[in-house]
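Visitor: Protein chains in written order, with numbering that gives the first Met the number 0: chain A, 0 to 68; chain B, 0 to 299.
Source of the hints: derived by calculation from the structure; they are not laboratory data.
Careful: at least some of the hints might be erroneous.
[Unchecked claim] Straight line, CA to CA, 30 Å or less: simulated DSS-like cross-link-like pairs of lysine-lysine:
#1 A:Lys24 / B:Lys64
#2 B:Lys283 / B:Lys43
#3 A:Lys24 / B:Lys43
#4 B:Lys167 / A:Lys24
#5 B:Lys195 / B:Lys130
#6 B:Lys122 / A:Lys32
#7 B:Lys167 / A:Lys32
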Amino acid sequence: MTNIAEIFSRDPATHTESDIDEIIKICRDAREKFIASPGKKKGSAATKAAPKLTAKQQKLSGLDLDLKL
Amino acid sequence: MLEPLPNNSVRDGQQWAWDATSITMAQTCPTYYKYKLIYGYRPKNTSIHLIFGQHYATALEHFYKYRAAGASIEDATRRVVRETLADTWGLTFDHAAKTRFSLIRSIVWYLAEFGDESESAVKTHHLADGKPAVELSFSFEMEEDIFLCGHLDRVVNYSDSLFVMDQKTTGGTIGTYFFDQFNPDNQMSQYSLAGKMIFHTPIKGVIIDGAQIAVNFTRFERGFTHRTQEQLDEWWRSALNTIRLTQHYMQIGEFPMNATACGNYGGCDFRNVCASSPRLREMKLKSDFIQQVWDPIERR
Numbered sequence: 000m001t002n003i004a005e006i007f008s009r010d011p012a013t014h015t016e017s018d019i020d021e022i023i024k025i026c027r028d029a030r031e032k033f034i035a036s037p038g039k040k041k042g043s044a045a046t047k048a049a050p051k052l053t054a055k056q057q058k059l060s061g062l063d064l065d066l067k068l
Numbered sequence: 000m001l002e003p004l005p006n007n008s009v010r011d012g013q014q015w016a017w018d019a020t021s022i023t024m025a026q027t028c029p030t031y032y033k034y035k036l037i038y039g040y041r042p043k044n045t046s047i048h049l050i051f052g053q054h055y056a057t058a059l060e061h062f063y064k065y066r067a068a069g070a071s072i073e074d075a076t077r078r079v080v081r082e083t084l085a086d087t088w089g090l091t092f093d094h095a096a097k098t099r100f101s102l103i104r105s106i107v108w109y110l111a112e113f114g115d116e117s118e119s120a121v122k123t124h125h126l127a128d129g130k131p132a133v134e135l136s137f138s139f140e141m142e143e144d145i146f147l148c149g150h151l152d153r154v155v156n157y158s159d160s161l162f163v164m165d166q167k168t169t170g171g172t173i174g175t176y177f178f179d180q181f182n183p184d185n186q187m188s189q190y191s192l193a194g195k196m197i198f199h200t201p202i203k204g205v206i207i208d209g210a211q212i213a214v215n216f217t218r219f220e221r222g223f224t225h226r227t228q229e230q231l232d233e234w235w236r237s238a239l240n241t242i243r244l245t246q247h248y249m250q251i252g253e254f255p256m257n258a259t260a261c262g263n264y265g266g267c268d269f270r271n272v273c274a275s276s277p278r279l280r281e282m283k284l285k286s287d288f289i290q291q292v293w294d295p296i297e298r299r
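Same shape as in the complex, but just chain A:
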């Protein structure tokens, strides 16, 4: 198993494609664990798509208001 600290401690000029892929994989794995952790499940604020605005929200967006829709 690669030690990510070792990759980070190296001059980036020496990084191979597999080093970069390893870093990305470790980060993505950590995200999956974070999402799966208690109180942090898919569908919460940290997941992908922003919802479509409803008709009412569309009207509100034109008003002089700041809303987190």
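Here the structure of chain A is known, so what remains is to put chain B in place on it, guided by the hints.
Guide: Okay, now just chain B, sitting in the frame of chain A:
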């Protein structure tokens, strides 16, 4: 004797090219504006929050640029990770949560969450010539010899409307109060105004992707800040008044202190300078600060 730092946006002793940052400097405190823009002083140690935020925003901006040029999500991700590692090599991240690793993690997590536009309601807007609306520079005349300049990283379509997209990082939990700070806000008003000027069509406002940077995770929240045409008109008048007043200060060579701003955001960088006797200030500036020009025309 302090010497003004050469700046392309200053001609014949007057700033002619303005951006939201320099307007904010002038509104914050004329003395702050003098030290920061005219003399170009900044603390020797750049804030870690600034460094982190700049590298984070640059990586995401480049990701969308590479995607627009045809790179796959995987390739674009690899490129920005590699670039960010190279750009941050040798930098000191003297902070518990904002580290070189958490910067890379935050970029990868953001792209995992928002990078695939096919699954998102937010999509990069395309200009009439088919080019993606990324890295757009703008400049327009507010009145004779006063230009407003700036750059939009990305303009997106969301729910059949156009929005400017921006990213912000914070150490705290992101809630309503986090997004409240962007209205009123010069940068967001300028973005909304510029979007309208560039596209000749209403821009609803700015979508702000906030990222909470913690030691072991990065959490994202997407928020909106809207501007009505009346608000933009008001901002325009207010900005012009600030600029005219600042030009007056430059003409007379006097930059009054706004002592009510000294404690803002944990304390002004120049607080110790202003707190000292006037004859000692030059020495303090030269010993505790470095000079680096802030030029609104320059692409960052």
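Visitor: With reference to the structure, classify each hint as holding or not holding.
Guide: Hint by hint, here is what the structure shows:
1. A:Lys24 / B:Lys64: Between Lys24 (chain A) and Lys64 (chain B) the Cα gap is close to 23 Å, so the pair holds against 30 Å.
2. B:Lys283 / B:Lys43: Roughly 12 Å between the alpha carbons, so the hint for Lys283 (chain B) and Lys43 (chain B) holds.
3. A:Lys24 / B:Lys43: violated, 36 Å
4. B:Lys167 / A:Lys24: Given that 30 Å is the threshold and the Cα spacing comes to 24 Å, the pair holds.
5. B:Lys195 / B:Lys130: Measuring from Cα to Cα gives roughly 18 Å; hence the hint holds.
6. B:Lys122 / A:Lys32: Since the Cα atoms of Lys122 (chain B) and Lys32 (chain A) sit roughly 28 Å apart, the hinted pair holds (cutoff 30 Å).
7. B:Lys167 / A:Lys32: Holds, at about 24 Å.
Violated hint for the displayed structure: number 3, the only one.
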